[in-house]
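K.L.:
So the chains spell out like this:
Number of protein chains: 2
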Amino acid sequence: MDLNKYSNSILPYIPFFYVIWSDDLLSASEIEVVKTAIKEDDSLNNEDKKQLGAWLDKSNPPQNEEIKQWQQLITNSGVTLIESEAFPLEAFARKVANFYCNSCSSNELLKQIELNLGIQPNHYNHLFNVEVIQQPFSDFYNGAEIDAILNKPFLKKINTFRTFLKQDTFNWNIETNKEKAREKVLSQVKLLAANGWGALAYPKAYGGEDNMECYASIFEHLMFIDGSLAIKFGVQFGLFGGSIHNLGSKRHHDQYLKATGETNLLGCFAMTETGHGSNVRGIKTTATYIHNEKALVIHTPGKNDNKEYIGNALDSKMASVFAQLIVNGKNRGVHAILVPLRNDKHEVLEGITVKDNGYKLGLNGVDNGKIWFNQVKVPVANLLDKYGRIDSDGNYESEIKNPNKRFFTMLGTLVGGRICVAKGALAGSKMALTVAIKHALQRRQFNDSLKVQEDLLLDYPTHQLRLIPKVATSYVYHVVLQKAMKEYAQNTSNDKRKIETQVAGLKACITWFATETIQECREACGGKGYLLENRIGDLKNDTDIFTTFEGDNTVLLQLAAKGVLSDFKSELNAGGFVSVLKLLRDRFSDKLATINPAYSNKTDKDHLYNPKFHLHAMDYRLRRLTDTAAMRIRGYIKKGVPSYQAFLKVQTHLLEVGKAYSEVLSIKWYYEFITDLPEGKYKNLLLQVGALHSLSIIRKDAVWYLEQGYLSSTKSKAIRQRVERLSTELRPHAHALVEGFGIPEHLVTAPIAN
Amino acid sequence: MDLNKYSNSILPYIPFFYVIWSDDLLSASEIEVVKTAIKEDDSLNNEDKKQLGAWLDKSNPPQNEEIKQWQQLITNSGVTLIESEAFPLEAFARKVANFYCNSCSSNELLKQIELNLGIQPNHYNHLFNVEVIQQPFSDFYNGAEIDAILNKPFLKKINTFRTFLKQDTFNWNIETNKEKAREKVLSQVKLLAANGWGALAYPKAYGGEDNMECYASIFEHLMFIDGSLAIKFGVQFGLFGGSIHNLGSKRHHDQYLKATGETNLLGCFAMTETGHGSNVRGIKTTATYIHNEKALVIHTPGKNDNKEYIGNALDSKMASVFAQLIVNGKNRGVHAILVPLRNDKHEVLEGITVKDNGYKLGLNGVDNGKIWFNQVKVPVANLLDKYGRIDSDGNYESEIKNPNKRFFTMLGTLVGGRICVAKGALAGSKMALTVAIKHALQRRQFNDSLKVQEDLLLDYPTHQLRLIPKVATSYVYHVVLQKAMKEYAQNTSNDKRKIETQVAGLKACITWFATETIQECREACGGKGYLLENRIGDLKNDTDIFTTFEGDNTVLLQLAAKGVLSDFKSELNAGGFVSVLKLLRDRFSDKLATINPAYSNKTDKDHLYNPKFHLHAMDYRLRRLTDTAAMRIRGYIKKGVPSYQAFLKVQTHLLEVGKAYSEVLSIKWYYEFITDLPEGKYKNLLLQVGALHSLSIIRKDAVWYLEQGYLSSTKSKAIRQRVERLSTELRPHAHALVEGFGIPEHLVTAPIAN
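Sequences listed follow chains A and B, in order. With UniProt numbering, the residue at position 736 of the first sequence is 736, and numbering never jumps. With UniProt numbering, the residue at position 301 of the second sequence is 301, and numbering never jumps.
Treat the hints with caution; some may be incorrect.
Said to hold, decoys possible - Dumping the calculated BS3-like pairs for lysine-lysine here, alpha-carbon to alpha-carbon at most 27 Å:
1. 700/B to 700/A
2. 638/B to 717/A
3. 180/B to 649/A
4. 638/B to 5/A
5. 190/A to 345/A
FYI, nobody ran anything at the bench for these hints, they're computed from the structure.
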């Protein structure tokens with residue numbers, strides 16, 4: 001090889017240029033980074049600078065023969081690549097140069113290039129034909145510090161709780177018998193209650209701390225132990241206790257809330273009916289008022305009108321029963337009534353039938369059951385009457401005159417449960433990703449015939465692409481759910497429709513994300529992922545129903561879409577709707593100017609990583625989808641199609657609106673959170689995470705963006721490449737990122753993760 | 001309303017035009033259908049024809065006010081829509097017309113329009129504001145006839161088997177204890193063996209019928225009963241017995257095959273190792289030949305080199321062990337050796353350790369275990385030596401000199417198992433779809449305030465879109481797997497690389513399809529889908545591992561891609577590869593002419609439903625992807641990147657090649673099958689099914705097609721609309737289509753499907 005070709009000062013640049021050109025890595029802003037460094041590098045003379053400058057010309061790139069010579073120069077040096085160096089490529093390049101000229105010292109400007117281009121060892125260790133001393137992961141970031149950033153307001157409390165979970169009672173084991181599983185879960189719930197964790201969201205007067213946000217984080221942590229535990233806990237304290245807390249009056253609180261928080265009163269939440277899963281407004285159970293007895297008669301009229309999938313049904317002494325309240329022969333809509341189910345001996349009371357739902361795909365530690373009521377009489381005082389009551393004369397009264405609005409107000413108080421479900425699903429994803437990533441950092445598979453060691457799973461591009469974007473999305477959703485819970489907890493007005501719309505969409509997107517993620521993790525762990533001991537199986541089965549319960553996702557997305565369409569202002573009845581559509585149409589049309597071709601062709605890194613681009617793209621999509629949905633509905637209505645049918649006609653379109661809405665909301669909240677962080681490496685990391693999430697989402701909807709001309713072909717391809725590249729750039733930090741989820745080490749029991 | 005506006009002859013056309021225009025249904029070829037009918041209709045005078053013709057002008061469509069008047073005319077007639085009529089729209093239109101003029105008789109030309117446009121009651125019953133007498137599904141097609149078409153060659157045998165399965169032994173029940181589940185499954189396998197079903201693929205001399213194709217159909221049916229049963233059956237007769245049959249000599253057959261088929265000899269197939277899941281060539285177990293003892297010593301060298309996930313490990317008397325065969329100190333590559341595991345008292349033999357794998361996500365009726373060998377000696381006669389043997393002088397000999405080729409030849413004999421796995425996964429999808437569709441034809445949800453009855457789940461567009469394309473794809477894959485098994489069974493040459501490449505890709509695509517489909521079915525059944533009694537849970541958990549075992553899907557797709565790249569001709573070593581790439585590049589480039597804009601904009605129904613379009617699109621994609629992959633690899637190699645690394649760099653690209661290859665193959669085989677069918681309504685149905693499948697696949701890859709300019713925005717949107725419309729058109733036949741899967745009624749035990 002003709003070494004005289006290259007000056008001694010140029011030599012340390014050679015490995016950098018090899019990496020750059022063998023992978024076509026450079027965009028315009030990246031070329032600028034390199035150019036600036038070269039300009040400032042005093043070790044280079046003008047000739048050198050001219051040479052290096054010429055190698056940066058994308059219109060006239062170095063010849064393959066030249067690049068091949070670089071590769072041979074590197075290979076022939078016999079230098080070992082040590083991934084654990086602070087700046088591994090700069091250190092490697094220096095050693096390669098010194099092999100040939102022995103005059104090269106550390107170069108700050110090369111370090112700068114390495115840092116700014118985000119070049120990682122796993123990016124190039126495959127390109128060189130040299131010995132590599134691998135570092136399975138980088139310790140540049142610290143998981144505990146990330147955890148502290150993500151859980152800031154309640155970190156101390158959460159850490160106390162994490163330590164609390166070290167008790168033997170919470171040890172995980174395989175239990176396939178449902179009776180035994182239920183016994184264990186009940187004892188765990190009781191232990192949590194005895195230590196005040198159940199009542200956390202209740203007022204201080206009833207043993208709580210008035211802290212719904214912290215309650216939600218506690219709930220999330222229970223998922224790391226066992227899905228059944230989280231759900232049983234949520235039913236007892238969140239749904240049953242929550243209905244008393246949110247729908248009842250002070251007398252209900254005084255009578256029941258403390259006992260509920262202490263599990264001295266076990267209760268269930270009897271809303272869903274067999275025949276009317278998602279249609280709560282259409283439930284058939286009745287609560288008929290009998291004035292002379294001051295009583296309500298609870299009754300299941302038809303064979304499919306029984307309560308169904310009621311968690312805690314077998315252990316409960318009492319149920320919060322949702323029924324159509326009939327007063328003086330008039331149906332006042334759905335209300336909740338406390339109905340005793342069992343006596344002190346735990347015998348079911350007269351007129352009530354409870355049946356076990358039997359084995360389920362998951363959550364077998366939760367006692368789900370069906371409940372029938374046959375003319376069961378309870379005192380009228382048992383009506384949870386915050387939003388509607390029966391006065392002493394036997395007349396119904398409510399501050400909310402519109403029955404529709406009343407119904408949604410009552411349901412709005414249950415939004416907290418929906419956030420918890422999403423948090424639980426996300427916790428399942430975090431756990432599964434932790435197991436899958438830690439496994440992929442140990443497990444080796446196949447090898448180059450030249451290498452002694454097989455490659456780590458996480459060094460495969462397909463494996464990175466499988467897992468790392470999902471880690472990024474988990475970060476975004478974590479921040480989003482913290483924010484949602486804060487919004488919900490701090491909203492003291494009756495009108496919770498905005499947060500309800502927001503949570504409806506988020507719950508759907510996040511629970512689907514969980515199903516997809518845990519599945520991906522199972523497959524990424526191969527056969528080991530199939531063994532129950534590695535936990536992914538249980539997480540998969542337990543969270544699977546999260547897409548259905550607390551509101552079926554398909555139904556929730558339509559709810560979200562209708563919320564967007566009505567702009568949170570109008571009641572959703574057909575009459576007022578057409579005018580709302582017209583309004584929307586006018587309002588949006590001016591914002592949907594044609595996209596500038598220069599914009600739809602812009603593929604530079606700075607642009608593609610910019611949160612403004614992400615927000616613009618997703619917001620554009622949301623507005624366009626909303627606009628076209630509104631137009632289509634209006635079109636049908638104008639042709640005489642009844643409004644119910646018109647909505648049905650655009651149902652698939654509405655689902656897209658609901659998803660788009662949640663996606664915009666997610667990155668909006670996430671980037672707001674980042675903006676408030678102090679400058680520094682963690683902020684940078686979270687920005688990268690945000691970019692990977694956002695570009696993955698845009699990529700997922702690329703068909704739409706291409707169809708609309710929002711993205712050119714080139715830009716669409718550039719986005720795909722950036723998703724792959726960001727996954728590679730974050731790969732060395734994958735370990736820190738899953739540690740940042742804050743799952744206590746003693747709960748990560750999967751043998752393959754240890 | 002001014003009824004004089006419309007002549008009596010025009011009246012029966014009004015409901016048709018209302019349906020057409022309220023939904024913007026017409027493409028050019030559809031307008032032709034209507035135009036022709038109008039032209040031929042003698043009941044219309046010239047004035048009428050002119051009027052109707054004007055209403056067909058897409059550039060000047062009827063005004064909304066006009067359309068609204070049609071709607072009111074229909075509504076005011078008070079006519080009931082009876083979905084069960086032979087031509088419901090024509091009958092309805094006639095009755096509407098007769099309400100106003102009482103002079104209208106049956107019109108053959110309107111029937112023709114109804115038929116040719118594929119207008120179905122569920123298409124328009126939402127548009128009219130009239131009473132509807134619903135027909136949950138149509139009886140136009142008969143499931144049994146479809147089944148007969150799909151399973152033609154072996155229908156009689158299969159029907160015998162279906163009846164055989166009526167025995168109590170095969171009754172399904174929930175069994176969460178693995179020991180009890182295993183006991184049950186073993187007794188079922190023995191019963192099958194006793195009746196000759198296990199030996200079906202073996203030669204007649206050993207109790208079989210030499211019928212691998214029928215064996216595969218039997219295997220598929222076992223999935224309807226229990227996933228564990230199918231797998232246990234497959235391990236015993238297919239893997240263990242298959243290894244003796246395919247890798248052994250006559251003396252092995254004579255000694256073991258009959259006993260295996262009768263379950264007098266239970267065996268397992270010990271290939272996979274803990275540390276080397278997908279890397280069979282890299283397994284570490286050794287079989288060292290000791291000449292003076294004419295013995296082989298089987299040994300597990302390291303702590304992760306044990307055999308793992310071995311099905312039947314706890315029940316087996318013998319194992320077919322894959323190990324590196326060492327003869328005279330030279331490694332001859334992977335060979336299979338029969339190793340006795342237990343004595344007559346079922347005690348594990350000396351030097352052998354077997355451990356239960358414990359509870360798994362699914363398949364708990366299969367006794368998977370780990371096996372260690374500590375210097376276990378067996379006679380050299382136990383070497384399955386069809387492709388490589390040790391002669392009496394202690395020298396190794398084989399007809400296949402190239403060790404690479406020998407390895408792939410041996411593995412090639414196992415392709416049958418891979419087809420069965422795909423068949424099993426597909427059977428799981430069929431069962432889940434049957435349950436979900438039958439449920440969706442009974443379950444009602446929500447309603448229009450004007451209607452008494454809530455709508456059937458399957459009448460929701462989102463629900464149709466969820467399930468019906470997956471029914472279509474199941475049909476395609478059924479035909480494809482029948483064909484693959486036929487190809488495999490009839491291929492008597494040693495060189496099975498072509499079918500191996502084909503099956504590698506198909507197995508990956510079909511098992512992923514199953515995971516996605518069963519998940520969708522679970523969600524589509526809501527909470528009911530979560531109860532084990534409804535079977536979807538078990539199907540989900542049992543088939544989940546199918547994407548991993550018998551070859552991890554990610555690895556298999558790369559295998560398929562490499563097969564495509566090497567055009568089945570070249571060995572995959574780096575040396576010969578570059579020239580193959582060059583060849584490919586030359587060969588493909590001329591076929592990748594730019595797509596004509598008129599073609600990429602063509603959105604007519606006839607074009608979009610045409611198999612030629614589907615084949616052209618997918619084939620174009622495959623060629624382009626292959627071409628660019630080849631170019632990229634060549635680019636890296638030219639820059640000096642070693643070939644192993646170059647392949648790694650394009651790994652995500654290769655997965656796309658593998659998928660594209662399987663998709664082309666699938667529709668090619670499917671349409672070939674249809675071509676051979678007699679003309680008639682079933683052929684038409686299967687063509688519609690093929691179109692829905694193909695358009696769904698093209699839609700799934702629409703980003704790519706748009707990026708390449710193969711599809712214009714308009715065409716891409718038109719394809720989406722056609723997928724939705726075809727789902728709606730097939731909705732009345734969904735019941736017949738799932739009946740066509742041929743799952744015996746007595747096996748569809750899910751309460752929600754009955």
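K.L.:
Look at each hint and say if it fits the structure.
P.N.:
Right, here's what the structure says about each hint:
no.: 1; hint: 700/B to 700/A; verdict: holds, 11 Å
no.: 2; hint: 638/B to 717/A; verdict: holds, 24 Å
no.: 3; hint: 180/B to 649/A; verdict: violated, 50 Å
no.: 4; hint: 638/B to 5/A; verdict: holds, 20 Å
no.: 5; hint: 190/A to 345/A; verdict: holds, 19 Å
The structure is inconsistent with hint 3 alone, although it conforms to all the rest.
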